Structures are given as structure tokens and as C-alpha cells.
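Trainee: In order, the protein sequence lines correspond to chains A and B.
Numbering (this note's numbering) for the first sequence: 1 to 351.
Numbering (this note's numbering) for the second sequence: 1 to 351.
Hints may be right or wrong, so weigh each one.
To be verified - In silico BS3-like cross-links for lysine-lysine, where the CA-CA straight-line distance does not exceed 27 Å:
1) B:Lys-285 x A:Lys-224
2) B:Lys-135 x A:Lys-114
3) B:Lys-114 x A:Lys-95
4) B:Lys-95 x B:Lys-114
5) B:Lys-114 x A:Lys-25
6) B:Lys-285 x A:Lys-285
7) B:Lys-285 x A:Lys-114
8) A:Lys-95 x B:Lys-285
9) B:Lys-95 x A:Lys-144
10) B:Lys-144 x A:Lys-95
As the list claims (entries may be wrong) - Anything over 12 Å on all C-beta distances counts as not near chain B; from chain A, calculated:
11) Ala-8
12) Glu-30
13) Gly-85
14) Asp-97
15) Arg-119
16) Pro-282
17) Arg-283
18) Lys-285
19) Pro-330
20) Val-334
Just so you know, these hints were derived from the structure itself, not from any lab.
Computed from a prediction, not measured in an experiment: that's the story for all the values here.
Beta carbons are placed, not taken as given, at the ideal position from N, Cα and C, and that holds for glycine.
Protein chains: 2
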Amino acid sequence: MKGIRQLAEHLDISIGTVSRALNGKPDVNEETRRRVLVAAEELGYVANQSGRSLRQGTTNVIGLMIESSKETTENGDNFFLGLTGGLQSVLSRHKLDLIMLPCPSDEDPHEYLKRMVARRVVDAMIISATQRIDKRIDLLSRTKIPFVTLGRSASGSNYPWIDLDFDGVANSAVDRLVAHGHRRIAIAAPSNDINLGFIFLDGYRHALERHGIAFDPSLVIRVKSSEQGGYQAAHEILLLEDRPTAVILIYELMAIGLYRRLTEAGVIPGRDLAVIGFREEPRAKFLQPTLTCFRMSLPDLGVELAETLLATMPAYSHFYPEGARNCIWPLELVPGESDGFHLGNNGQRRQ
Amino acid sequence: MKGIRQLAEHLDISIGTVSRALNGKPDVNEETRRRVLVAAEELGYVANQSGRSLRQGTTNVIGLMIESSKETTENGDNFFLGLTGGLQSVLSRHKLDLIMLPCPSDEDPHEYLKRMVARRVVDAMIISATQRIDKRIDLLSRTKIPFVTLGRSASGSNYPWIDLDFDGVANSAVDRLVAHGHRRIAIAAPSNDINLGFIFLDGYRHALERHGIAFDPSLVIRVKSSEQGGYQAAHEILLLEDRPTAVILIYELMAIGLYRRLTEAGVIPGRDLAVIGFREEPRAKFLQPTLTCFRMSLPDLGVELAETLLATMPAYSHFYPEGARNCIWPLELVPGESDGFHLGNNGQRRQ
Chain A
1 MKGIRQLAEH LDISIGTVSR ALNGKPDVNE ETRRRVLVAA EELGYVANQS
51 GRSLRQGTTN VIGLMIESSK ETTENGDNFF LGLTGGLQSV LSRHKLDLIM
101 LPCPSDEDPH EYLKRMVARR VVDAMIISAT QRIDKRIDLL SRTKIPFVTL
151 GRSASGSNYP WIDLDFDGVA NSAVDRLVAH GHRRIAIAAP SNDINLGFIF
201 LDGYRHALER HGIAFDPSLV IRVKSSEQGG YQAAHEILLL EDRPTAVILI
251 YELMAIGLYR RLTEAGVIPG RDLAVIGFRE EPRAKFLQPT LTCFRMSLPD
301 LGVELAETLL ATMPAYSHFY PEGARNCIWP LELVPGESDG FHLGNNGQRR
351 Q
Chain B
1 MKGIRQLAEH LDISIGTVSR ALNGKPDVNE ETRRRVLVAA EELGYVANQS
51 GRSLRQGTTN VIGLMIESSK ETTENGDNFF LGLTGGLQSV LSRHKLDLIM
101 LPCPSDEDPH EYLKRMVARR VVDAMIISAT QRIDKRIDLL SRTKIPFVTL
151 GRSASGSNYP WIDLDFDGVA NSAVDRLVAH GHRRIAIAAP SNDINLGFIF
201 LDGYRHALER HGIAFDPSLV IRVKSSEQGG YQAAHEILLL EDRPTAVILI
251 YELMAIGLYR RLTEAGVIPG RDLAVIGFRE EPRAKFLQPT LTCFRMSLPD
301 LGVELAETLL ATMPAYSHFY PEGARNCIWP LELVPGESDG FHLGNNGQRR
351 Q
């Protein structure tokens, strides 16, 4: 691998001029720049950005930390890959690259992040799957690494975040089901401390309250956010003495497992149990009857995350004068057949 | 963020002792080590591994370069995420971390890799989706960065690779179809220069030859490796005057689009057209009739990739004395209903 010195010798130009040409400075004439770039290509010159980065204290790389649990990968969850295009479209404006940091399933996310921070691989971080108490937010604040979270947390204060509108989803799902005559509405909520579970449950409780429906803790089914979790949720619903007539799911792939368990028991979604799923997802499109769920644009969310992050970084904030605005990301209801039946006043199916 | 100096002052121990304690050297007594680690945690000490890495010339990070095309992400292709667990289980033995480098769909993979090499983010690379001519292999060889490819190429010589057994898949699919009486067997092959397409086509031609079946170029359908490509393949098969009685697919998600187009035309897979898919995939499990396809373990492949890579790295090769062995990764046939019918001698359906 050739360095800048060999390149300068080969061209018989000063190292300073070669450096300015390679770095696109304006004070180099076009012909010289062209000669330098051609020679750099021919000689296999590779800039040592690591040395440069250490001087500047930057790597020009932005990290997206994701969870890589067995369930996520086996389910073919495409959420994070779906963000990359939008993120990259913004980062490439500033010659920044995106890398993904998959936290192993058997490792504590805080310990993992601490190590990745120590490795100084990235200039800034996007973290996701925020917990109710999330030490990663304190870590990033303390170490002064610019970051944005996908998801809120009770930890930290005044940090930039973007979150999906779990409250809005819970409210519009309950409203829709109540309008169809349902009053015993279950939810499948996450069994861990992920923050979205708290928001979703709050939204659900408030929506019930608005409609004058008493909250029944037995209708909150705690399961894993996975296809298998959906199967488990259906199983538990079928065991309830006073069975709900409707269920709202909080994770996109739950619907698949839920349908499977219901079908095994001869309970037809959209006829015997109203089902509202979460995010519209390629795999869930196969479900019959079609699933009522919520649509959002992953590429647009990627753009918003990247712009929010850059607005917090001193080197780029002037490009984003509106600053890092926290944002609740909307989801739009997509009506399907899975919640299509109406209950009469007697609680019996009407059509 | 506290550095090692502040930590030493706080504990009133020499910087050298603190450093040896943090780095797990044996010549520090247990009590001192414990005190140092507790204080490091309390004070928010973060080791500056970047400085250390520059001295050692290492980052302790391994990169997995993936393609992040719109089709891949929208399809929820879980292939690469499926590798991470196996890769990490090996890398963690050596305190190495895995990062994923998603090459934007609008960027040339060679230019992208050149930039990532210059950024010095990783010690070694795993690259995938190798092309017939793949300049990335020359780049990595020239810059002396340890690497392994997932997929072979006509570029380079004597580099470590692991490849799925596309030849074996083509051969066993043709054998199976011929045993069922088929002789007009189409294949859906990739429309780009990805190397696996060449291997697959060669395997198909040799298998036909073994059975004394003339190769008919009109039965090689060139489409994108995507669900949409599968739809297109079915469309083109339906337009053929002398329609094939069977088709073999080279990409896992093609089957979904292919089924859809066939169903639209009233052509039933497994009754009117025999279909053999590629890799068994969660989404394709929904297909009715069930798809005959091939099974492999992504986690095991991740382990093999990581061990092969480490065997090429001077710092780790002594752990892997068998060296970097190139390897054709087997796939096992999973019989389904999609190729279940037999043709009689007259080329008509028998059952």
C-alpha cells in the first residue's frame, strides 16, 4: 500500500500539494488534481484516515446499535435494515459512513456500548430498543458522544430522541375496536423493560378510561416480542375464562404466531376474535384474513434520525439550524379484515 | 470522561499499576485489581482504545460488508443478520467485535470498501456477494488486510473463501426433477454478474448433460434476486411457447413472487409447474403448497467464516492450526409439495 510520500515522489510534486489535491482543497489547479488522483488510483494509494482521524478526533463513522437476538434474526426482522437507506442518504451528504453494531444477545447492552465507545470506532451513535431505565443514555451523555435514541427512557434528561407513536397506536386501536362494539380488549405487551411497553400500556389504559371501560389486568398478556410471543399470547387468551373479543398487538411479527395458535384452536381471526397488529410488515402480508395494522416509512424515519443526530454534532449542526427536535413518529392505520366484525349491544357478533 | 491519570490520582496508586490492573496483567494483587475496577466503574473511566490501537495497529473490530439494496431490506432478507450470532460466538473468544458495513445500494462496492479500508475501522473483513470479477479481492490482497469472502470469484488467487454449494443444489434439483419425469426444466438465474449465478448455471448444464437433456438457452430466465424477480420469472415462463414443466430458483425469496404470478394465471405450483426453491426461509414457509427447498444453518456458517478469517490473522492463527480452508458449504434438500407431481413418458402429468 502506497502512502502520500511515495505518491509525491512519483509525481515529483510536494507532499503538501498532493495532500491538498487529495483532500479537495480549492488552491490546487485542476490538471494537478487530476494527475494526483490518477496516480493515487494506479499506485493503490490508500489514505491513512486513522492517523488523520486521531488528529482531528473523528472517524467519520456513525454507529447504529442494534440487538441481534436469535429471535430477531430467525424472524427475519427487517426493521433496522430498513432504516439504513434513509440514514445513508443523509450521512453521505457529509461524507459520513454508517456502520451497524449488533449487540450479541447474551451481552448486556450497556457493557457492549461501553466497549464500543472505548474502541473509538464511531463519532456518534444511534441507539435503539431503549429500556425504561437505560444506563446507555447516561454513558453517552457522560462521555460526550453525540447520540440520538430511537425510543424514550426514564433515564437521562434533555437528550435527543425519536420514538414511534405507541400512544397513538394504542388509542386509535382501542377507539376502532370500541366503535365496533368491543369492550373486552386484550393487549399483548412486551415481557421485558423496554420503554415502549410502558407507553403502550399507558395509552391503552387512557383510551379505555375515555370510553368508560374498566381496566382489567388479566387482559394484559405479557409475552416476548416475537412470532413465538404471538403464539403464546393466543394460547393465554384461549385459556381465559372470560375471553376477550379483541386483542391489540405491540410487535409486528406477533400476528403470525397468534394466527397460527388461533387457527389450531379453530378460532378465526376477524370472525371469532378481532385482531389489530402493529407495524405493517412484508411477512404479515400473507396472513388471511388480512391484518388491520399500522403503516410507517422506514426510509423516512432513517432520514429523520440522521438529521436529528447531525443537528447535535458541532461539525454539522449549522446545516440543521432547526436543531435536534424530539419527535413522535406517526403511524397510519391500514384497515384489514382481521377486526372487521361488529359486536351487538349484547356482546354477540352482529355480522 | 475520566482517564487513567485521574483514576491513579483518585486511588493514590501509580499509573503503571492501574494500567496493569485494567489490562488484566498477572502481577497485580487481587485486592488492588478489585479496587481499580470498582473505581473505574464509579468514575466513569473509559479506556482510550483508539490510542492503544494505533500503537498496536489494531482496532479489535471485524467488519462484515453487506449490501443494503432497497429490495433486500424491503424483502426482510435475514441472511446476514442470521450470520451474526455464529460470527460473534467465535470472535468473542478473542475479545473481538463484529460490525456490519452496509454498502449503500447506489454506491460501487469497490469504492465503498476502499473508503472503509482508508477509515481503518476494522482489522479484518468478511465480504459477500462476490462478483465474477471482483476488484475488492485485489484491493484487500494489496492492502494486506486479512479477509475471507463468502462466495468465490474469478479475481484474485489463493484467497480464503467459503461458498454455498450452488453446484450441488443445481445438480440435486435437476436429478430430482428428472426422476419425476421432467425434461423441460427452467432456471431463474440472477441478471447481474454475481459469481454464484455462473456456478449455478454451470451446475445446471452439467446435470442436464448427465441426463442427456439438451441445454435450451430460452429456459434460462434472467431476473433480479428478489421477490419481484420471482414474479417476473413466472411471467416470462408463462409467455414461453413451449412451456417448461419445472423451474429451479436460485434465491430464497423468489418463490414468493413466483407463486403469486402463477396463482394469478391459474397455474398451480406442484400441479401444473414443479418448483424447487433455494434456501429454506421463514417467509417462504407460508407458501401453499409447501416449497421443496434446501436447508442450511446460518449460525454454523457464521462460525466457519469467523474461524477461517482468524486462521489468516497472524495474532490468532495459532488458535486455528488447521489454517484457512476453503469450503463449499452443504445444503440439505427439504422435500415439499411444490415438485410433487410426476410426468409420464408422454410428458403428461401422471398424478
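Trainee: Hint by hint, say whether it matches the structure.
Mentor: Hint check results:
1. B:Lys-285 x A:Lys-224: holds, 21 Å
2. B:Lys-135 x A:Lys-114: Status violated; Cα separation ~36 Å.
3. B:Lys-114 x A:Lys-95: holds, 14 Å
4. B:Lys-95 x B:Lys-114: holds, 26 Å
5. B:Lys-114 x A:Lys-25: holds, 21 Å
6. B:Lys-285 x A:Lys-285: Cα-Cα ~13 Å, so holds.
7. B:Lys-285 x A:Lys-114: violated, 39 Å
8. A:Lys-95 x B:Lys-285: Distance ~41 Å between A:Lys-95 and B:Lys-285 Cα, so the pair is violated.
9. B:Lys-95 x A:Lys-144: holds, 25 Å
10. B:Lys-144 x A:Lys-95: Holds. B:Lys-144 to A:Lys-95 sits at ~25 Å (cutoff 27 Å).
11. Ala-8: For A:Ala-8, whose nearest Cβ neighbour in chain B is about 18 Å away, the distance exceeds 12 Å, so it holds.
12. Glu-30: Non-interface label stands for A:Glu-30: nearest chain B Cβ at 21 Å, farther than 12 Å.
13. Gly-85: Since the minimum Cβ distance to chain B is about 6 Å, A:Gly-85 lies within 12 Å and the statement is violated.
14. Asp-97: violated, 7 Å
15. Arg-119: violated, 5 Å
16. Pro-282: violated, 5 Å
17. Arg-283: violated, 5 Å
18. Lys-285: The assertion about A:Lys-285 is violated, with a minimum of 10 Å to chain B.
19. Pro-330: holds, 20 Å
20. Val-334: For A:Val-334, whose nearest Cβ neighbour in chain B is about 16 Å away, the distance exceeds 12 Å, so it holds.
Hints 2, 7, 8, 13, 14, 15, 16, 17, 18, counting from the list given before, are not met by this structure.
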